[in-house]
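Protein chains in written order, with my numbering: chain C, 1 to 241; chain A, 1 to 466.
Treat the hints as calculated values from the structure; they're not laboratory data.
Any given hint could turn out to be false.
Claimed, not checked - Derived pair list, reagent style DSS-like, types lysine-lysine, alpha-carbon separation capped at 27 Å:
id : chain 1 : residue 1 : chain 2 : residue 2
1  : C       : K116      : C       : K171
2  : A       : K390      : A       : K373
3  : A       : K79       : C       : K206
4  : A       : K79       : A       : K134
5  : C       : K116      : A       : K373
6  : C       : K171      : C       : K206
Stated by the list, open to error - Partial list, derived from the structure: chain A residues whose beta carbon lies under 7 Å from chain C:
id : residue
7  : S4
8  : L7
9  : G11
10 : E132
11 : K248
What the hints assert, rightly or not - Away from chain A, derived, C-beta distances all over 12 Å, residues of chain C:
id : residue
12 : S10
13 : R60
14 : P66
15 : E76
16 : S150
17 : D162
18 : K171
19 : E179
20 : L189
21 : D191
The beta carbon of each residue, even a glycine, is placed where N, CA and C say it ideally should be.
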Amino acid sequence: MSSNYTYDGSWEGLLSAVFRAYREPDAAIHNPRDGVTMFAAVPVETSPEQAERLTRGMERLSPAMPMFVYRAFCAEYDGFETDLLESLRLGFRQNADPFWQRQLPYVRRVAEAETKTGREAHRFLGLVRFVNAGGNLYAGDIAPDCNILSLIGDHFYDRFNDQRIILRDTKRRTALISEPPNGWWITDLPDLPPLPENDAFTEMWKGYTVALANPERKNLKLQQNFVPLKHRKNMPEFRGP
Amino acid sequence: MDLSHKLEILGAAARYDVSCSSSGTERANAGGGLGSAVACGICHSWAADGRCISLLKVLMSNACVYDCAYCANRASLDKERATFTPRELADLTIDFYRRNYIEGLFLSSGVVKSPDYTSERMMQALEILRNEYKFGGYIHIKIIPGTDGRLVDKLSLLADRVSCNIELPSSGSLNRFAPQKLPEHIFAPMRHIKHGHQQFLEDGRKTRGAAGLTKIQAPPKFAPAGQTTQMIIGASPDTDMTILTLAKNLYKRFSLKRVYYSAYIPLGTHAELPPPETPVPLTREHRIYQADWLMRFYYFDPDELLDELNPSLQLDVDPKCDWALRHPEQFPIEVNTAPLERLLRIPGVGLISAKRIIEARRMGGLRLEDLRKLGVVMKRAQFFLTANGKFGGILEPGHEMLRGHLVDGTGMAQLSLFSQASALSGNAGALPPYPQESLPMSAAGGDGGALLALSGGAPALALAGR
Ligand code: SF4
Chain C
1 MSSNYTYDGS WEGLLSAVFR AYREPDAAIH NPRDGVTMFA AVPVETSPEQ AERLTRGMER
61 LSPAMPMFVY RAFCAEYDGF ETDLLESLRL GFRQNADPFW QRQLPYVRRV AEAETKTGRE
121 AHRFLGLVRF VNAGGNLYAG DIAPDCNILS LIGDHFYDRF NDQRIILRDT KRRTALISEP
181 PNGWWITDLP DLPPLPENDA FTEMWKGYTV ALANPERKNL KLQQNFVPLK HRKNMPEFRG
241 P
Chain A
1 MDLSHKLEIL GAAARYDVSC SSSGTERANA GGGLGSAVAC GICHSWAADG RCISLLKVLM
61 SNACVYDCAY CANRASLDKE RATFTPRELA DLTIDFYRRN YIEGLFLSSG VVKSPDYTSE
121 RMMQALEILR NEYKFGGYIH IKIIPGTDGR LVDKLSLLAD RVSCNIELPS SGSLNRFAPQ
181 KLPEHIFAPM RHIKHGHQQF LEDGRKTRGA AGLTKIQAPP KFAPAGQTTQ MIIGASPDTD
241 MTILTLAKNL YKRFSLKRVY YSAYIPLGTH AELPPPETPV PLTREHRIYQ ADWLMRFYYF
301 DPDELLDELN PSLQLDVDPK CDWALRHPEQ FPIEVNTAPL ERLLRIPGVG LISAKRIIEA
361 RRMGGLRLED LRKLGVVMKR AQFFLTANGK FGGILEPGHE MLRGHLVDGT GMAQLSLFSQ
421 ASALSGNAGA LPPYPQESLP MSAAGGDGGA LLALSGGAPA LALAGR
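Looking at chain C on its own, in the form it has when it is part of the complex (with noise of 0.2 Å):
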């Protein structure tokens, strides 16, 4: 009989899911977005002990390999629990990174979900805007298409270390909160207050970047390739007057 399994939504869950499942060869694992009650899985308990031991598995065929699957959890695309699976028997079987076998679909989509979340983190370190929200700090909104904060934290802690921040993403209700010389940590957030309105840099910013545009040269298009539609809303400079 085949097993389906889910689990709380962690990082540390589904490696403790991974773990439990790894040894049933028809075992399934669901993500509680799916609506798990629909394949009555039994929610497998998160274990620090089981996601550290998993952790330490995949450092041994590739050290950068947890930190490569962490970035392919974040893209939270669907089905992905189970390719993980399949690719983990695969390199535990062969004692080899498995993620260079692009030519198996399972690993393919594994490996194109760790490129998007990197691109996409990559991308945000510069289209995130901040306003101030009085004092030292600043509060910015994003919406993100794969769940990048935690990647995106250490870059933003180590280059404004005297000041307090709150990047809140708007899409999962969850923010950064960064507390030089405390650190910094995800959190969620139930609530979201409109940002304030009244830092008078946004509208200098904007000011700014028309003035800039050369208008012989103007290309709208190439510009859109560059900033996508769906992120301007939480950009001043793209706002209208």
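Here the structure of chain C is known, so what remains is to put chain A with the ligand in place on it, guided by the hints.
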């Protein structure tokens, strides 16, 4: 005048500059300070013309006492003038930086009173940023021609990248259109920067060598991201031959990281310059970038691409294809035996695909059908190569109809789109043209990559990575 109006004037005045690459340097946050520069460029926004805005690009002042014919800020034009105080500029940079609008500052200026007077004000702004705010973000500063060597030194110690723009590619044109600037006003700072930068690299090596033994302070950073320059294309009657030969000499003599080319946008400011309705020579600019790329990474010499009889690059095909069309006797090239430099001559074979060919053929002979998987653009390459003696093109290299197959349709409108797409996808076959990002150069770190690339041998390829 309020600050936002000043910013609009001085932002608009700075828009005719091309460089927007902010990569090439790593500056760790000193701790407790603000900002860092990361080695791979982060783009923050894109203006309506599709160029990336990653730096606050402004002039310190557009009140210029010089009268260069091609310039929108020349003294004899009647227009609104504005000047930042060093404090205003530093504060503005910080406030934008804190909101994550920018990676740093790209500062230039018209000549207020004199080059030295202006440079001192620029220096004050940089000192506030670096010393008072402990700003660790990226700073690119333009050196005003004629600036005193000591000031050039000081600016180079504060900035990450410095550039002194040639603008006009010959002394004749310089004399005619920018009579207040002498060639020596430009070359003296360039030499200065080169020496300072080399000294810095040398000290760095020594320090690293001694690191295990004693604690030695790292040498002060002197323009750690190197120097660049820019030339205007199409304002003066200078030919592509002149431009590329000058570029080659500049790379060699001053170890420049990059030469940027900017298609002249006719402003109607001078009777001897192209009138305002003249189209902006974007395709020509694009071809020159491609030729520049061929010189730096493909072992081409300007003399091979152009000569006295043909001093201009063809607009309908890229310069490498054009060279191949004119040299049918060099083709076809056998991919299983040709050395790297020969592989790189094949249209449709890029740095990465050439490297892959060399790797892959060790494992056994390559067939025509393998090449596409290695990133070779067979649409162009098929006419110029053989694999195990097999030729797959429908036309032989010397055939008169061949040219028609190689026209790349780089029209005005498609130009930037095309070039962006290939730059982004890292398309191995196409020549990356318009410089959003100076990838291979920045990968070189502080090692004078430009020189390496020109001197032949393997290093240029190693820089390109995989
Ligand atoms: S010195 Fe610079 S700002 Fe002044 S007119 Fe010449 S190019 Fe323009």
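Hint-by-hint comparison with the structure:
no.	hint	result
1	C:K116 - C:K171	17 Å, holds
2	A:K390 - A:K373	17 Å, holds
3	A:K79 - C:K206	23 Å, holds
4	A:K79 - A:K134	36 Å, violated
5	C:K116 - A:K373	22 Å, holds
6	C:K171 - C:K206	25 Å, holds
7	S4	5 Å, holds
8	L7	5 Å, holds
9	G11	4 Å, holds
10	E132	13 Å, violated
11	K248	27 Å, violated
12	S10	28 Å, holds
13	R60	25 Å, holds
14	P66	23 Å, holds
15	E76	24 Å, holds
16	S150	18 Å, holds
17	D162	6 Å, violated
18	K171	19 Å, holds
19	E179	15 Å, holds
20	L189	20 Å, holds
21	D191	24 Å, holds
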